[in-house]
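Number of protein chains: 2
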Amino acid sequence: MTVVLEPVPDHVPLPRGFRAAGRHCGLKKDRQSDLGLLVADVPVPAAAIYTKNRLQGAHVHVCRDHLARGNGLVRAVLVNARNANCATGQQGIDDAARCCRELAARLRCPAEQVLMCSTGPIGAPLPAERIVAHLDGLLAAASPDGALDFARAIMTTDSYPKVVAARGDSAAETTGFAKGSGMIHPDMATMLGFLVTNGRTGDARATAAMLQRVADRTFHRATVDGDTSPNDTLILLASGRAAVEPAEVEAQLTAVGRQLARRLAADGEGASRLVTIQVRGARTEGEAAQVGRVIATSPLVKTAVAGLDPNWGRILSAAGRAGVEFAAERARVWVGPADVYSGGRPHPENEPEAHRHLVGETEVVLGVDLGVGLAEAEVWTCDLTKDYVQINADYRT
Amino acid sequence: MTVVLEPVPDHVPLPRGFRAAGRHCGLKKDRQSDLGLLVADVPVPAAAIYTKNRLQGAHVHVCRDHLARGNGLVRAVLVNARNANCATGQQGIDDAARCCRELAARLRCPAEQVLMCSTGPIGAPLPAERIVAHLDGLLAAASPDGALDFARAIMTTDSYPKVVAARGDSAAETTGFAKGSGMIHPDMATMLGFLVTNGRTGDARATAAMLQRVADRTFHRATVDGDTSPNDTLILLASGRAAVEPAEVEAQLTAVGRQLARRLAADGEGASRLVTIQVRGARTEGEAAQVGRVIATSPLVKTAVAGLDPNWGRILSAAGRAGVEFAAERARVWVGPADVYSGGRPHPENEPEAHRHLVGETEVVLGVDLGVGLAEAEVWTCDLTKDYVQINADYRT
Numbered sequence: 001m002t003v004v005l006e007p008v009p010d011h012v013p014l015p016r017g018f019r020a021a022g023r024h025c026g027l028k029k030d031r032q033s034d035l036g037l038l039v040a041d042v043p044v045p046a047a048a049i050y051t052k053n054r055l056q057g058a059h060v061h062v063c064r065d066h067l068a069r070g071n072g073l074v075r076a077v078l079v080n081a082r083n084a085n086c087a088t089g090q091q092g093i094d095d096a097a098r099c100c101r102e103l104a105a106r107l108r109c110p111a112e113q114v115l116m117c118s119t120g121p122i123g124a125p126l127p128a129e130r131i132v133a134h135l136d137g138l139l140a141a142a143s144p145d146g147a148l149d150f151a152r153a154i155m156t157t158d159s160y161p162k163v164v165a166a167r168g169d170s171a172a173e174t175t176g177f178a179k180g181s182g183m184i185h186p187d188m189a190t191m192l193g194f195l196v197t198n199g200r201t202g203d204a205r206a207t208a209a210m211l212q213r214v215a216d217r218t219f220h221r222a223t224v225d226g227d228t229s230p231n232d233t234l235i236l237l238a239s240g241r242a243a244v245e246p247a248e249v250e251a252q253l254t255a256v257g258r259q260l261a262r263r264l265a266a267d268g269e270g271a272s273r274l275v276t277i278q279v280r281g282a283r284t285e286g287e288a289a290q291v292g293r294v295i296a297t298s299p300l301v302k303t304a305v306a307g308l309d310p311n312w313g314r315i316l317s318a319a320g321r322a323g324v325e326f327a328a329e330r331a332r333v334w335v336g337p338a339d340v341y342s343g344g345r346p347h348p349e350n351e352p353e354a355h356r357h358l359v360g361e362t363e364v365v366l367g368v369d370l371g372v373g374l375a376e377a378e379v380w381t382c383d384l385t386k387d388y389v390q391i392n393a394d395y396r397t
Numbered sequence: 398m399t400v401v402l403e404p405v406p407d408h409v410p411l412p413r414g415f416r417a418a419g420r421h422c423g424l425k426k427d428r429q430s431d432l433g434l435l436v437a438d439v440p441v442p443a444a445a446i447y448t449k450n451r452l453q454g455a456h457v458h459v460c461r462d463h464l465a466r467g468n469g470l471v472r473a474v475l476v477n478a479r480n481a482n483c484a485t486g487q488q489g490i491d492d493a494a495r496c497c498r499e500l501a502a503r504l505r506c507p508a509e510q511v512l513m514c515s516t517g518p519i520g521a522p523l524p525a526e527r528i529v530a531h532l533d534g535l536l537a538a539a540s541p542d543g544a545l546d547f548a549r550a551i552m553t554t555d556s557y558p559k560v561v562a563a564r565g566d567s568a569a570e571t572t573g574f575a576k577g578s579g580m581i582h583p584d585m586a587t588m589l590g591f592l593v594t595n596g597r598t599g600d601a602r603a604t605a606a607m608l609q610r611v612a613d614r615t616f617h618r619a620t621v622d623g624d625t626s627p628n629d630t631l632i633l634l635a636s637g638r639a640a641v642e643p644a645e646v647e648a649q650l651t652a653v654g655r656q657l658a659r660r661l662a663a664d665g666e667g668a669s670r671l672v673t674i675q676v677r678g679a680r681t682e683g684e685a686a687q688v689g690r691v692i693a694t695s696p697l698v699k700t701a702v703a704g705l706d707p708n709w710g711r712i713l714s715a716a717g718r719a720g721v722e723f724a725a726e727r728a729r730v731w732v733g734p735a736d737v738y739s740g741g742r743p744h745p746e747n748e749p750e751a752h753r754h755l756v757g758e759t760e761v762v763l764g765v766d767l768g769v770g771l772a773e774a775e776v777w778t779c780d781l782t783k784d785y786v787q788i789n790a791d792y793r794t
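Chains as they are written, first to last, in our numbering: chain B, 1 to 397; chain R, 398 to 794.
Because the hints were derived from the structure by calculation, they are not lab data. Owing to the predicted nature of the structure, the values given are computational and were not obtained by experimental measurement. For glycine and all other residues, C-beta sits at the position ideal for the given N, C-alpha and C. Heads up, a few of these hints could be off.
Calculated from the model, a selection of chain B residues having no Cβ within reach of chain R, i.e. all distances over 10 Å [what the hints assert, rightly or not]:
id, residue
1, Asp41
2, Arg54
3, Gly89
4, Pro230
5, Ala306
6, Glu325
7, Gly344
8, Gly360
9, Glu363
10, Lys386
11, Ala393
Coverage of chain B stretches by chain R, computed from C-beta distances (three or more under 8 Å per stretch; other residues unrestricted) [stated by the list, open to error]:
id, region
12, 138–149
13, 273–287
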């Protein structure tokens with residue numbers, strides 16, 4: 001089972017000044033592509049956000065080091081799937097650094113202007129030799145039309161490539177990519193995300209701050225199973241080539257990030273429903289998001305959706321344990337268009353309408369108003385089905 | 398599926414000075430008992446710990462109020478199953494208070510010396526009339542041999558009654574009860590727990606502090622699904638009738654609490670394995686327990702156990718996101734008797750032995766040494782199976 005929000009487009013544009021490619025280097029079976037490249041014509045301002053897991057993939061060390069030494073300027077990002085290069089010790093770091101060095105030599109740029117990301121199972125050494133052997137072919141294939149090839153190359157357990165392009169009224173152009181299906185959670189997951197834009201984001205510090213704000217409202221609000229991986233990385237490349245102000249760039253990045261976050265949740269392992277948690281009436285947006293995340297990770301709420309049960313009690317209970325201000329007597333709970341709890345009491349007369357919403361839609365809405373303020377937030381998740389258990393019980397067998 | 402740690406005994410003793418009973422008042426179907434009573438011959442020092450959920454069952458309000466007004470002295474605890482008296486507003490509080498008042502009148506004690514607990518589905522009014530109509534019968538049935546009757550009366554989705562009695566070398570006697578199967582988590586769950594002892598626990602403040610320490614090492618280390626309910630309550634009644642020092646009483650309460658916590662995890666919804674998470678090499682016991690709780694709530698770890706997969710990567714990743722000090726290079730991971738990760742690398746050669754442990758035992762052990770200190774802790778959980786999803790998707794339908 002999986003929830004497809006819309007068909008994969010035939011073509012996805014990249015902002016001017018960027019090229020992309022994807023090809024098979026031998027990590028995945030059946031000649032599926034497993035090595036992706038994003039390259040900018042010139043070094044561009046960049047920023048990254050990494051997993052908060054204490055166990056970190058080798059590429060996290062290398063990206064941190066390169067961004068710091070390169071003053072936040074990046075020429076290219078290399079991504080391999082099907083090998084996380086994690087729990088591989090110093091050798092793993094050396095292997096990732098070598099891949100960056102080899103690509104930089106071909107681009108005639110400093111090694112620190114190349115970043116690398118790896119995703120997949122952990123514990124096996126990175127076959128750096130094989131990756132390096134495919135760099136020339138990858139560079140030759142890099143093209144302004146390569147967005148979909150790149151999106152396919154970074155997939156692991158994803159059912160479909162996740163790529164979203166936005167064009168503003170002005171000259172602003174943003175294209176975003178993500179991969180992930182399980183282990184998706186705020187702060188983050190086996191998630192990799194890449195945002196490329198032609199807009200201006202300011203200096204390195206301002207670019208990093210903008211990416212953090214964007215992530216907090218997008219990727220950090222998607223959860224599949226509450227687990228996070230050692231490799232989660234989100235990278236922003238902003239060429240600044242178009243005369244677009246930072247505020248407009250941030251709005252566009254946020255819009256693209258939201259769509260990618262929704263796709264991550266929709267493609268959650270075993271999912272039969274994309275679930276949008278709407279939290280209103282909170283004191284602050286941060287508290288609203290916190291309540292949303294607790295509801296979105298509750299196995300009882302997620303199994304209720306799988307069972308098409310508009311279970312207001314589980315939603316209210318989950319909201320109640322989020323540790324934020326909450327007025328049970330003034331709270332309201334809705335499922336799609338139907339209020340199922342308000343004024344301190346349930347409304348069983350509205351449950352048939354709520355049930356119809358759960359049955360009829362693949363994008364369902366669960367909402368709660370905390371009754372203590374005016375702030376709101378949305379969080380995206382999926383239902384918890386028997387297929388999720390099956391997929392994750394059988395992953396290695 | 399369920400994991401039975403040992404057969405339910407034919408008879409369970411109560412400490413001298415306590416009586417118990419259980420009977421059917423019409424809340425459960427099929428004349429199963431649904432109303433339980435614990436009564437002390439004289440008012441005894443008591444303490445309670447409640448859910449931290451902002452949504453709280455009516456009995457939580459009443460217990461807090463009665464313990465405060467009664468200076469921590471309690472004569473009796475009344476428990477009903479199959480109705481949580483939660484999300485029932487002021488009427489629910491009035492209903493619970495009325496049940497206490499009616500029982501107190503029959504015991505000729507102040508109303509504040511009676512506590513009440515409710516467990517079951519939320520949202521429906523408490524049928525107080527029906528409960529009150531059975532108080533005389535319940536009191537008449539109360540007996541030193543009534544422990545098992547009480548344990549059965551408080552069950553809801555439990556597969557078996559959870560009652561443990563301990564007798565020390567000295568005169569110390571403790572009997573403990575718990576109910577819960579889903580929504581089990583530290584701080585707590587649809588869990589109700591009761592500990593009765595003849596030992597001395599000191600004044601009200603010392604009794605409350607002892608119960609908190611006991612809970613932190615027992616009930617707060619059991620998790621089934623990470624969800625908590627609005628009704629979770631743990632109550633200690635300590636008669637002080639035997640000349641047993643507080644330190645010995647605390648050790649006995651902790652031993653009984655551990656056995657009850659293990660049973661809660663073993664009887665987790667859909668469980669096929671009781672899973673003990675052993676965390677060693679932490680800086681503090683609190684940090685060890687925190688790591689244990691993160692591993693124990695990871696759906697990826699829990700589905701791996703269901704799939705009989707000794708997946709060291711998921712254990713290490715979960716430990717890594719617990720937010721506590723952790724040395725990936727010095728860390729060690731074991732599954733039963735087999736080391737599957739140490740010295741910064743996996744040991745696939747030991748995985749067959751680990752797999753045999755998962756296949757052959759219904760009580761399995763997953764361990765991690767964080768490599769940064771000497772503190773340790775255990776946490777108990779169960780695996781996550783398709784049956785869990787089935788039970789919770791279909792609960793109301």
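Going down the list of hints, with the structure as the test:
1. In this structure aspartate 41 of chain B is separated from chain R by more than 10 Å, as the shortest Cβ-Cβ distance comes to about 37 Å.
2. Listed as a non-interface residue, arginine 54 of chain B fails to keep its Cβ farther than 10 Å from every Cβ of chain R; the least gap is roughly 4 Å.
3. With a minimum CB-CB distance of about 5 Å to chain R, glycine 89 of chain B fails to clear the 10 Å threshold, and the non-interface call is violated.
4. Residue-level check failed: proline 230 of chain B sits 6 Å from the nearest beta carbon of chain R, not beyond 10 Å.
5. With a least beta-carbon separation of about 5 Å from chain R, alanine 306 of chain B fails to lie farther than 10 Å from that chain, contradicting its non-interface assignment.
6. Consistency note on glutamate 325 of chain B: stated as away from chain R, yet its beta-carbon is not over 10 Å from all of that chain's, at 8 Å minimum.
7. At the 10 Å boundary, the C-beta of glycine 344 of chain B falls inside the reach of chain R, the nearest C-beta of that chain being 5 Å off.
8. Non-interface call for glycine 360 of chain B relative to chain R: holds, since the shortest CB-CB distance, roughly 17 Å, exceeds 10 Å.
9. Non-interface call for glutamate 363 of chain B relative to chain R: holds, since the shortest CB-CB distance, roughly 19 Å, exceeds 10 Å.
10. The Cβ of lysine 386 of chain B sits about 4 Å from the closest Cβ of chain R, inside the 10 Å cut-off, so the non-interface label is violated.
11. In this structure alanine 393 of chain B is not separated from chain R by more than 10 Å, as the shortest Cβ-Cβ distance comes to only about 3 Å.
12. With a cut-off of 8 Å between beta carbons, the region 138–149 of chain B has 0 residues touching chain R; three or more are needed, and the interface restraint is violated.
13. With a cut-off of 8 Å between beta carbons, the region 273–287 of chain B has 0 residues touching chain R; three or more are needed, and the interface restraint is violated.
Figure legend: structure checked against the earlier numbered hints; hints not met, in rising order: 2, 3, 4, 5, 6, 7, 10, 11, 12 and 13.
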